[in-house]
Each structure stands twice: as C-alpha cells, then as structure tokens.
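Colleague: Sequence:
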Amino acid sequence: MKKKEEKMKMIETWMRKHKVSYFSATHHPFILNIRHASIHSSFKCWLGQDYLFVRNFVPFVASVLMKCAKESDNESDMEVILAGMASLHDEIAWFKKEAAKWDVQLTRITPHKTNQNYWRFLESLMQPDVDYTVAVTAFWTIEALEACERWGNEGFGQYCSSLQEIAERSLSKVSDDVKAKAEVTFLRVLEEEVEFWNMSEGPDKDGKNILNIDNSRTDTANSYVESLGYTTSDKTG
1 MKKKEEKMKM
11 IETWMRKHKV
21 SYFSATHHPF
31 ILNIRHASIH
41 SSFKCWLGQD
51 YLFVRNFVPF
61 VASVLMKCAK
71 ESDNESDMEV
81 ILAGMASLHD
91 EIAWFKKEAA
101 KWDVQLTRIT
111 PHKTNQNYWR
121 FLESLMQPDV
131 DYTVAVTAFW
141 TIEALEACER
151 WGNEGFGQYC
161 SSLQEIAERS
171 LSKVSDDVKA
181 KAEVTFLRVL
191 EEEVEFWNMS
201 EGPDKDGKNI
211 LNIDNSRTDT
221 ANSYVESLGY
231 TTSDKTG
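Numbering-wise (UniProt numbering), the sequence shown opens with residue 1 and increments by one.
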C-alpha cells in the first residue's frame, strides 16, 4: 500500500522538483493581467494565437482519446477526456465571439513561430509509438496550465482532479523509462507555455501598455472564465 501511495504522488513530486518552472508557467504577468481584468495591449495577439492553438489542440486530444481506447483499462478515462473535448467546443465559440468584439479577423491570423513550435510538439505526441501515459500526462499538464491553475469552480475543478488522477494512475503502472519520458514531456509543456505567454505579452513587457477594460468590454476577462465552465467569484489566487 505504501509503495502504491508513493507512486500516486508522482505529479506532485514533479511540481515540487520543478517548482520554479511550474510557477513561471502558472504566474506569468500576462496571465495575472487577464485574471485581474486588466488587458494588455497585446490582447488581440493572444486572442488570435490562442484561437489557432486551441483548434490545433483538438486533434491532439482526439489522439489521446484513441490511445485511451486502446491502452486504458479504466472505462471512466474516456468519459473524462470526452468532457475535455466538449469544453474545447465552448472555448472556440468564445474566441469567435470575442474576436468580433475586438475586430480580430481570425481567418487572417498568421501563426506565430512560437505557436508553430508548440503544434509540432503536440504532433510528436500524436505518433503511434508514444505511450498513452506520456500523452495523457501532457494533456493534463496543458489543461492544468491553461485553466485549472488559474480559475475554477467546483464542477470544473472535479474535471481537473479526475484528469490528474488518470495521469497518476497511468504513471503508477508503467516502467521507469516511460515515467522518465512523461517527466520530460511535463517539463516541455511548462517551457512551451512560458514561451506562449511571452509571445502573447509582446514587446511591452514593462507593462506600460496595459488597457483597462472600458465599459463596453468589462466582461471580456470574466466571460473567458465563464465560457470554460467557471464563475468569476471562484477565481483562485
């Protein structure tokens, strides 16, 4: 029992081991600005690039679902992953709505090099020789960094916890070699997220060009939270 409990703490161990990288990915200045309802002047850049990212994230999640169907021994795993895919539909709808508000032509957005690098990384995880454990660990990490660590209500919090439990359970059953690959993937996601936020923040990293949301757009940051199943009163610190 003790050995099993120790294995179930694998992700927590990684968070502590790589706490500087994890903090950087979850507490980037651009994230904090959105959370506190102050939108950076590069918000339009983020809006367009994140829209493109989410659209390319869908095939990755689909590949995780396929690996789950073939390799997972727990039927509930598929239900959790399907819930994640459903939330992506709502997220894409939110991007389209906000793009109209901010006069962002999504069909004309050119993917940034940082975005393209992230896509290529995700594509590498979609290959048949990538273990389900590695793929689902990446999926949980991305979801954690993109949403779970920033905002959450009880319902979405349960989804995040369930996804982490899937990753933990999978990690407890694989070889040390697969665990090592999963940890490398975990770190790579942290790096990609920081690079993505750096790209979104743009050249004005000194914070001089912060746009306080005007009356016609006061719900921009909050509506993003709510589109993912959150309530703004449930933001975490």
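No lab work stands behind these hints, which were simulated from the structure alone. These numbers were taken from a predicted model, which means no experiment stands behind them. One or more of the hints may lead you astray.
[As the list claims (entries may be wrong)] In silico EDC-like pairs for lysine to aspartate or glutamate, Cα to Cα no more than 20 Å straight-line:
id : residue 1 : residue 2
1  : K179      : E168
2  : K173      : D50
3  : K181      : E191
4  : K101      : D50
5  : K179      : D103
6  : K173      : D103
Colleague: Take the hints in turn and mark each one as holding or not.
Modeller: Quick rundown of the hints versus the structure:
Only pairs whose Cα atoms come within 20 Å are accepted, and K179 paired with E168 is accepted, the gap being roughly 10 Å. At roughly 34 Å between alpha-carbon atoms, K173 and D50 are farther apart than 20 Å, so this suggested pair is violated. Pair hint K181 plus E191 holds up; C-alpha atoms about 15 Å apart against a cutoff of 20 Å. Of the supplied pair hints, the one linking K101 and D50 holds, its CA atoms being roughly 16 Å apart against a limit of 20 Å.
Between the alpha carbons of K179 and D103 the distance comes to roughly 45 Å, so the proposed pair goes past 20 Å and is violated. Taken as a hint, the K173 and D103 pair is broken in the structure, with Cα atoms around 49 Å apart against an allowance of 20 Å.
Hints 2, 5 and 6 from the earlier list are contradicted by this structure; the remaining hints agree with it.
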